[in-house]
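Q: For reference, the chains in residue letters:
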Amino acid sequence: MSDLTMLLAVFEDIEPASGGIEKLRDLGVADDQMNVISGIPIKATILGRRSALTRVPAIAMTGAVLGMLLGLFLIYGTPFLFPLNVGGQPIYPVPQGIIITFEMTMLGLMGFAFIGMFVDSGFPSYTPKEYIPEISDGKIAILFRCPDNEQKKFIDALKKLGAESVELAEARQL
Amino acid sequence: MSSIAKPLALPHAEEQEDPREQLMHDPRSRGEMNDMVMESMHSTTWKYWTVTGILAVIVVVCLFYAWYYLIMQGLGVAGVNRPVYWGIFLVEVVFWIGISHAGTFISAILRVLKVEGRRPFTRAAELMTTFGLVQAGISVFLHMGRVWLSYWLIPFPNERGLWPDFHSPLMWDFMAISTYLLSSTMYLFLPLIPDMAMARDRSTGWRKAAYRILAIGFRGTEGEWKNLITAMNIFAFAIIPVMFSVHTIVSWDFAMASRPGWSSSVFGPYFVIGALHSGMAAVAIVLFLIRSTMKNMKYFLRPEHFDLLGKLMLMVSMAWAYFYFNDYIVSWYGGDKWEKIVQEFTEKGPLWYLWYAMLFFNIVVPFAVLWNKKWRQTPWLLAIVGLLINAGMWLERYIIIPETLTINRMPFTWRLYVPGVEIVLTIGNFAFFFLLYMLASRFLPLIPVWEVQEGHESHTLRKIGKASIPTLSDME
Numbered sequence: 000m001s002d003l004t005m006l007l008a009v010f011e012d013i014e015p016a017s018g019g020i021e022k023l024r025d026l027g028v029a030d031d032q033m034n035v036i037s038g039i040p041i042k043a044t045i046l047g048r049r050s051a052l053t054r055v056p057a058i059a060m061t062g063a064v065l066g067m068l069l070g071l072f073l074i075y076g077t078p079f080l081f082p083l084n085v086g087g088q089p090i091y092p093v094p095q096g097i098i099i100t101f102e103m104t105m106l107g108l109m110g111f112a113f114i115g116m117f118v119d120s121g122f123p124s125y126t127p128k129e130y131i132p133e134i135s136d137g138k139i140a141i142l143f144r145c146p147d148n149e150q151k152k153f154i155d156a157l158k159k160l161g162a163e164s165v166e167l168a169e170a171r172q173l
Numbered sequence: 000m001s002s003i004a005k006p007l008a009l010p011h012a013e014e015q016e017d018p019r020e021q022l023m024h025d026p027r028s029r030g031e032m033n034d035m036v037m038e039s040m041h042s043t044t045w046k047y048w049t050v051t052g053i054l055a056v057i058v059v060v061c062l063f064y065a066w067y068y069l070i071m072q073g074l075g076v077a078g079v080n081r082p083v084y085w086g087i088f089l090v091e092v093v094f095w096i097g098i099s100h101a102g103t104f105i106s107a108i109l110r111v112l113k114v115e116g117r118r119p120f121t122r123a124a125e126l127m128t129t130f131g132l133v134q135a136g137i138s139v140f141l142h143m144g145r146v147w148l149s150y151w152l153i154p155f156p157n158e159r160g161l162w163p164d165f166h167s168p169l170m171w172d173f174m175a176i177s178t179y180l181l182s183s184t185m186y187l188f189l190p191l192i193p194d195m196a197m198a199r200d201r202s203t204g205w206r207k208a209a210y211r212i213l214a215i216g217f218r219g220t221e222g223e224w225k226n227l228i229t230a231m232n233i234f235a236f237a238i239i240p241v242m243f244s245v246h247t248i249v250s251w252d253f254a255m256a257s258r259p260g261w262s263s264s265v266f267g268p269y270f271v272i273g274a275l276h277s278g279m280a281a282v283a284i285v286l287f288l289i290r291s292t293m294k295n296m297k298y299f300l301r302p303e304h305f306d307l308l309g310k311l312m313l314m315v316s317m318a319w320a321y322f323y324f325n326d327y328i329v330s331w332y333g334g335d336k337w338e339k340i341v342q343e344f345t346e347k348g349p350l351w352y353l354w355y356a357m358l359f360f361n362i363v364v365p366f367a368v369l370w371n372k373k374w375r376q377t378p379w380l381l382a383i384v385g386l387l388i389n390a391g392m393w394l395e396r397y398i399i400i401p402e403t404l405t406i407n408r409m410p411f412t413w414r415l416y417v418p419g420v421e422i423v424l425t426i427g428n429f430a431f432f433f434l435l436y437m438l439a440s441r442f443l444p445l446i447p448v449w450e451v452q453e454g455h456e457s458h459t460l461r462k463i464g465k466a467s468i469p470t471l472s473d474m475e
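Residue numbers (numbering that gives the first Met the number 0), protein chains in the order written: chain W, 0 to 173; chain D, 0 to 475.
Since the hints were made in silico from the structure, they are not lab data.
Note that the structure is predicted; figures quoted are calculated from it, not measured.
Beta carbons are placed, not taken as given, at the ideal position from N, Cα and C, and that holds for glycine.
The reader is advised that the hints may include incorrect statements.
[Stated by the list, open to error] Below 16 Å or equal to it, Euclidean Cα-Cα: the simulated EDC-like pairs (lysine to aspartate or glutamate) are:
1. Lys-42(W) - Asp-473(D)
2. Lys-42(W) - Glu-456(D)
3. Lys-158(W) - Glu-21(W)
4. Lys-42(W) - Asp-17(D)
5. Lys-462(D) - Glu-115(D)
6. Lys-128(W) - Glu-221(D)
7. Lys-152(W) - Glu-21(W)
8. Lys-42(W) - Glu-221(D)
[To be verified] Covered by chain W, per the in silico footprint, the following chain D stretches (three or more residues, Cβ under 8 Å):
9. 27-38
10. 69-77
11. 209-219
12. 258-267
13. 451-462
The task is simple: from the sequences and hints, build the whole structure.
A: Below, the structure is given as structure tokens:
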């Protein structure tokens, strides 16, 4: 089996890019061997791809649970450590408990959604990566692996579909 | 011969508006838009530096030096004294938290409802939230006096054996504002990441290094976008109830005390709507300033966006009037002796003109101007309305806090509040807000270019009959 090479095909627009993805699939490139890089979010269905999986909601929910526990500790745990009698109010009240618990739950939810976005995307990352600055100018790039000895076949096929360039993907400092 | 229709308008009187007047139907290439935004950040004239310099001097003198003076002399140099222990510092806290509300609210609610007009101005509004909360935080510390003891708020025993009481509305306030500050800062940062990547790709020198760090390695792969959009959606939904909770809790600082003028069950929603009233008005001012002082911004911020904002301001103004009247009529009808005295003091006392000015600015001005589409679409006019509404809302907080505190159930303690060093510090607060905005405008892309391009991709014109009708595809 020949070695795999990573190529970067750059398209002007969504339409030819989605055609390019289909062509790559026809040529035997598996879905997990290609990635679309774009300057705007594009729905997976528009490109004929399956949606990327994300763990952000699960991480956020974990944060919400942890936040709720912290809130419960602050409102019910701290009076256990230092009971403060104020105006004859109960030491472990329910209505006040709702307020602090709500705030901490929401902080946990959002804080962990933020962290989850970092963790699941591998951010922050300052190592060289396959990328060209034209992507943030609106171009759409397909990063894919193909057999080393079939490079030309892939390049020709994608150029025929309107790719502006198909070149060896070079990791560069962002 | 009799006509079979109502009289028709004069020829061309109702001619179709040119769709290119709308940003979404006047697309430019992404590269061009990127260049325009980058140019707006790089263009600094002598006027910019002069204004920034003046603001910096005001901040140093009126905020930092005056604060130093306050610390060295003690709270005695402020006007707070028995019975008015909450003065302008607290007015400022409520005012700035209010300002901060609309930024996040506008961005989140319009994102959730997929309102297309939001696209170019969400960033400017979100920035307002963060900078507004900075001012609110400063005001809290000013009010504390001995700021070096602020760690007493942490659940850790201090040297006098005191513990914070999480059952206290003041503690809820601390928790809610901290939550809101953290979450709105994160919410500001998330949609900024792709724009930071854009700025990184076309910068050099120290800017490149800074943008590289802030872009955190973002390229725009499918997985990165999926995670980013998911996180943004979670924030957009979650931050709305948090926003409501923050100002409700701020209102409870007052409503939970059984004082005449404060103890009201409608205070929560009344404060929330008041926050939105002042905040949306502040967005109008900020957008006007950005549009008229920064290069290329007229392309992104158009009369249609001011129109949208004007409609929101009008709705919120009506809602504020409703809540104010609701609060007022219950106290008036209830017949409680002390409530009556407070109301009479507000309306007929030595500061009666503040009450009338508040009603005029908050209700009459928006009602008189914002019904008219042409006027709503006039940026400078909307900014003036915004300025007056903010003056009105500042007065409302002044009436609620120091003026109401003047009257209590012990008439021998009644004393009119006369602010001292607070006035200087207030000037410093406002200058600091604008200084932060001025500096940010030259470093952060104020227009979320990727969101604008996303909008361009979704919009088309469809020919129906004789007209070209704007059509929207759901690509989000």
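Q: All hints are to be evaluated individually against the structure, with a verdict given for each.
A: Tested hints:
1. Lys-42(W) - Asp-473(D): Roughly 10 Å between the alpha carbons, so the hint for Lys-42(W) and Asp-473(D) holds.
2. Lys-42(W) - Glu-456(D): 12 Å, holds
3. Lys-158(W) - Glu-21(W): At roughly 14 Å apart (the allowed maximum being 16 Å), Glu-21(W) and Lys-158(W) satisfy the hint.
4. Lys-42(W) - Asp-17(D): With Cα atoms ~30 Å apart, Lys-42(W) and Asp-17(D) exceed 16 Å; violated.
5. Lys-462(D) - Glu-115(D): Cα-Cα ~21 Å, so violated.
6. Lys-128(W) - Glu-221(D): 15 Å, holds
7. Lys-152(W) - Glu-21(W): 15 Å, holds
8. Lys-42(W) - Glu-221(D): The given pair, whose Cα atoms are some 9 Å apart, holds under the 16 Å limit.
9. 27-38: Coverage by chain W holds for the segment 27-38 of chain D (4 residues, Cβ < 8 Å).
10. 69-77: Answer violated; 0 residues pass the 8 Å Cβ test.
11. 209-219: With 8 residues closer than 8 Å to chain W, the segment 209-219 of chain D meets the three-residue bar; holds.
12. 258-267: violated (count 0)
13. 451-462: Held - the segment 451-462 of chain D has 3 residues with a Cβ nearer than 8 Å to chain W, which meets the minimum of three.
The structure does not agree with the numbered hints 4, 5, 10 and 12 stated previously, though it agrees with the rest.
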